[in-house]
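Protein chains in written order, with numbering that gives the first Met the number 0: chain A, 0 to 202; chain X, 0 to 202; chain D, 0 to 202.
Heads up, a few of these hints could be off.
Pairs involving identical chains hold if they fit within one copy or between any two copies, as the list cannot separate such chains.
What the hints assert, rightly or not - Calculated lysine-lysine pairs in the DSSO-like style (CA-CA distance at most 27 Å, straight line): (1) Lys26 with Lys80; (2) Lys107 with Lys26; (3) Lys192 with Lys107; (4) Lys80 with Lys107; (5) Lys107 with Lys190; (6) Lys146 with Lys192.
Rather than coming from a laboratory, the hints here were simulated on the basis of the structure. These numbers were taken from a predicted model, which means no experiment stands behind them.
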Amino acid sequence: MPTFVQILDFIGTFAFAISGIRLASAKRFDWFGAYVVGFVTAIGGGTIRDVLLDVTPGWMVNPVYLICTGLALIWVILFGKSLIHLHNTFFIFDTIGLALFTVVGVGKSLAMGYPFWVAIIMGSITGAAGGVIRDVLINEIPLIFRKEIYAMACVLGGTAYWVGAVVGLESYACQLIGGATVFLTRILAVKYKIGLPLLSKNE
Amino acid sequence: MPTFVQILDFIGTFAFAISGIRLASAKRFDWFGAYVVGFVTAIGGGTIRDVLLDVTPGWMVNPVYLICTGLALIWVILFGKSLIHLHNTFFIFDTIGLALFTVVGVGKSLAMGYPFWVAIIMGSITGAAGGVIRDVLINEIPLIFRKEIYAMACVLGGTAYWVGAVVGLESYACQLIGGATVFLTRILAVKYKIGLPLLSKNE
Amino acid sequence: MPTFVQILDFIGTFAFAISGIRLASAKRFDWFGAYVVGFVTAIGGGTIRDVLLDVTPGWMVNPVYLICTGLALIWVILFGKSLIHLHNTFFIFDTIGLALFTVVGVGKSLAMGYPFWVAIIMGSITGAAGGVIRDVLINEIPLIFRKEIYAMACVLGGTAYWVGAVVGLESYACQLIGGATVFLTRILAVKYKIGLPLLSKNE
Numbered sequence: 000m001p002t003f004v005q006i007l008d009f010i011g012t013f014a015f016a017i018s019g020i021r022l023a024s025a026k027r028f029d030w031f032g033a034y035v036v037g038f039v040t041a042i043g044g045g046t047i048r049d050v051l052l053d054v055t056p057g058w059m060v061n062p063v064y065l066i067c068t069g070l071a072l073i074w075v076i077l078f079g080k081s082l083i084h085l086h087n088t089f090f091i092f093d094t095i096g097l098a099l100f101t102v103v104g105v106g107k108s109l110a111m112g113y114p115f116w117v118a119i120i121m122g123s124i125t126g127a128a129g130g131v132i133r134d135v136l137i138n139e140i141p142l143i144f145r146k147e148i149y150a151m152a153c154v155l156g157g158t159a160y161w162v163g164a165v166v167g168l169e170s171y172a173c174q175l176i177g178g179a180t181v182f183l184t185r186i187l188a189v190k191y192k193i194g195l196p197l198l199s200k201n202e
Numbered sequence: 000m001p002t003f004v005q006i007l008d009f010i011g012t013f014a015f016a017i018s019g020i021r022l023a024s025a026k027r028f029d030w031f032g033a034y035v036v037g038f039v040t041a042i043g044g045g046t047i048r049d050v051l052l053d054v055t056p057g058w059m060v061n062p063v064y065l066i067c068t069g070l071a072l073i074w075v076i077l078f079g080k081s082l083i084h085l086h087n088t089f090f091i092f093d094t095i096g097l098a099l100f101t102v103v104g105v106g107k108s109l110a111m112g113y114p115f116w117v118a119i120i121m122g123s124i125t126g127a128a129g130g131v132i133r134d135v136l137i138n139e140i141p142l143i144f145r146k147e148i149y150a151m152a153c154v155l156g157g158t159a160y161w162v163g164a165v166v167g168l169e170s171y172a173c174q175l176i177g178g179a180t181v182f183l184t185r186i187l188a189v190k191y192k193i194g195l196p197l198l199s200k201n202e
Numbered sequence: 000m001p002t003f004v005q006i007l008d009f010i011g012t013f014a015f016a017i018s019g020i021r022l023a024s025a026k027r028f029d030w031f032g033a034y035v036v037g038f039v040t041a042i043g044g045g046t047i048r049d050v051l052l053d054v055t056p057g058w059m060v061n062p063v064y065l066i067c068t069g070l071a072l073i074w075v076i077l078f079g080k081s082l083i084h085l086h087n088t089f090f091i092f093d094t095i096g097l098a099l100f101t102v103v104g105v106g107k108s109l110a111m112g113y114p115f116w117v118a119i120i121m122g123s124i125t126g127a128a129g130g131v132i133r134d135v136l137i138n139e140i141p142l143i144f145r146k147e148i149y150a151m152a153c154v155l156g157g158t159a160y161w162v163g164a165v166v167g168l169e170s171y172a173c174q175l176i177g178g179a180t181v182f183l184t185r186i187l188a189v190k191y192k193i194g195l196p197l198l199s200k201n202e
């Protein structure tokens, strides 16, 4: 039986893959191209993290991410037109993925002995870098650099994880606090349209 | 004396480098930029594979890929205008490269003990990812995601390799069947204009 | 107390980060996006080099690059409008960074036992690849492929380093000659508008 974390991982992977496949479909990609973009959106952040940490990426050990992306593609092919009605559901799923991936990235880096400032960066890469690769592949400026709080939520969540550890909380409590911080930061930022200041044109 | 595989490798590298250099020339790159794009097109897929497999990329061990790209650049500078008449020749050379690189990628992954589903992905990355990096560098949407059967031929070739192994064929026979599948799939798909379905715009 | 090389490293990192942040600001990135682009511009080349050499990237060991990018962001936010008057100063700083990063990349590769032709490529990647990633992230064709002598200066500097070693100079003298070659090549190329030939449109 899958654990609670495995279920969240599957939900997050599915939501990330859907976001890649939908953006690919807007650019008239074929099924294969859409699958690749969905897969890279889902596993890209974790792959960059694992290459930097010099360990084998998780998707090369467990085929669940390939299968999950395949289910996401089938879903979009069958129910594409109805996805727009599920906008809020997918926003929640996507944010669950962001929170979980961040916490997993922070925890994996700490377990390998890296200091917290590296772990926070690795958590943010795990959560946000897949979306950056997605936007590069569909030839758009990465969304997370211009709009909404997204990767910043990962940084705050990683920092909350660290504060939890500093005050002596157990590992699972730190993970819970970190994940909740990512989740709430993103939800509240979108609900109240909170963003970071833009840089003025200085060239 | 070079082996038959080394000759095919040289032909494939040359054809891949030519494709990168020609697309760079269409964007008015200088000689250095064109060389870099040609080189990355030729060795990019194998490099991503080797980084994921955690081994030293082949071009860092053997300078033949640098030299081959240099010859490709000289060729384009000298005979650029006549390349258009060699369209079919280069299409064949490019497809030879695709087939060989795929088989090499599958074989290398299997030799390292990875299961077949990882080896098929690694074969496809070896064959097709260089062209994706090329298209990102010239700021275009990657061609293989929208047009023709290309990376899909690698997936089919890798699968044929696997089927050969399952039914108990020798390693060299699996390689031959895998390579032939890539080659024929791509040739037939282009000749009969067979493509994958596009995703409809679902946003 | 910081050594002379550490001071040059800080100046180069600062200048590279400023270049990324300014180009991000021209695309209306938010502060976080600008920080990420600045950081990737500064450490991207060295990171690709270290992944290829299979060692831990320097910025994961020493937080000075994160701090330096933060100072660069504060600088642009506070004094953005005056940066245009400092154009020549930043050009010099950027060229110092290019020279130092190239020499560091060559030296690190040689110390790991790679031959000189690999070391020259690694030096060029260290100096120039961060700017390529920067341009991909802001969705522009990489500047160094089309304009001015830039990465070519790294190649010449790496070659000068090699010539120095061949004629039996001490390591520090090779580094000095290599760095000076990068610096002077770039300064002279810009001053006298020397560029490489463009490829004509051959498609």
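Indices of hints not satisfied (ascending): Checked against the structure, the hints that fail are numbers 2, 3, 4 and 5, while the rest are satisfied.
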